[in-house]
Amino acid sequence: MATPLLAPRCVHRFFPISGRFLLSGIVLAVLFLTGGTATAQGIGFQAGATVDPEQFVFGTHFESGDITRGFRFKPAIEGGFSSGFSLVTINLEFLYHIPLGRSGWSLYQGGGPAIVLLRVEEPVDDLSVHAGGVLTFGFAHEGGFFTDFKFGGGDSPELKFVAGYTFRKRKP
Numbered sequence: 004m005a006t007p008l009l010a011p012r013c014v015h016r017f018f019p020i021s022g023r024f025l026l027s028g029i030v031l032a033v034l035f036l037t038g039g040t041a042t043a044q045g046i047g048f049q050a051g052a053t054v055d056p057e058q059f060v061f062g063t064h065f066e067s068g069d070i071t072r073g074f075r076f077k078p079a080i081e082g083g084f085s086s087g088f089s090l091v092t093i094n095l096e097f098l099y100h101i102p103l104g105r106s107g108w109s110l111y112q113g114g115g116p117a118i119v120l121l122r123v124e125e126p127v128d129d130l131s132v133h134a135g136g137v138l139t140f141g142f143a144h145e146g147g148f149f150t151d152f153k154f155g156g157g158d159s160p161e162l163k164f165v166a167g168y169t170f171r172k173r174k175p
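Taking the working numbering, the leading residue of the sequence shown gets 4, the next gets one more, and so forth.
Careful: at least some of the hints might be erroneous.
Restraint ranges, calculated between C-beta atoms of paired labels, are given here [said to hold, decoys possible]:
1. GLY87 <-> GLY147: 13 to 23 Å
2. ASP129 <-> ALA166: 27 to 37 Å
3. VAL123 <-> LYS172: 35 to 45 Å
4. GLU57 <-> GLY156: 32 to 42 Å
5. SER131 <-> PHE59: 41 to 51 Å
6. LEU138 <-> PHE59: 34 to 44 Å
Since the hints were made in silico from the structure, they are not lab data. We treat Cβ as the ideally placed atom computed from N, Cα and C, and that holds for glycine.
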């Protein structure tokens, strides 16, 4: 018996997806995510700490240019470590930046879904995958420095504070 390429039959029973709907969604996502200006794009790194679980975290991210005025996409992957277990979160955040006058600083807020990978070392080495979400508030400077406060839901860490730097393309 042949198996479907996109998803098992049981998934189609709960989430019926037609090929046309799937193709339309992919095309819209590509157009939505590539519509920003190239000069504001960048990649960066961050480090900080979480509360519940108490961990040191570090990670990397990509920040799109403005999709619409002040609205950006910022996927990130972060790893957290403490005794007995490690946690990796993949955040898919949409952020809205509000400029603070002519200072070069902006306040931003947003959020999105998260995929959480949990590795427990004791009593048996075990890896599990969970879903969560984050609400993000922070400050960013056009030079690249930023701070994030993230509130997690589901299986994401409840509170995360990170500081980091985004390397952006130079304007011509």
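Hints, one by one, checked against the model:
Our hint of 13 to 23 Å for GLY87 and GLY147 is violated, since their Cβ atoms are close to 35 Å apart. For the pair ASP129 and ALA166, the supplied restraint of 27 to 37 Å holds, since their beta-carbon distance comes to about 32 Å. The hint said 35 to 45 Å for the Cβ distance between VAL123 and LYS172, and at roughly 41 Å that hint holds. For the pair GLU57 and GLY156, the beta carbons lie near 18 Å from each other, so the given range of 32 to 42 Å is not met.
Here the CB-CB span from SER131 to PHE59 is close to 21 Å, at odds with the stated 41 to 51 Å. Remark: the range hint 34 to 44 Å for LEU138 to PHE59 is contradicted by a beta-carbon distance near 22 Å.
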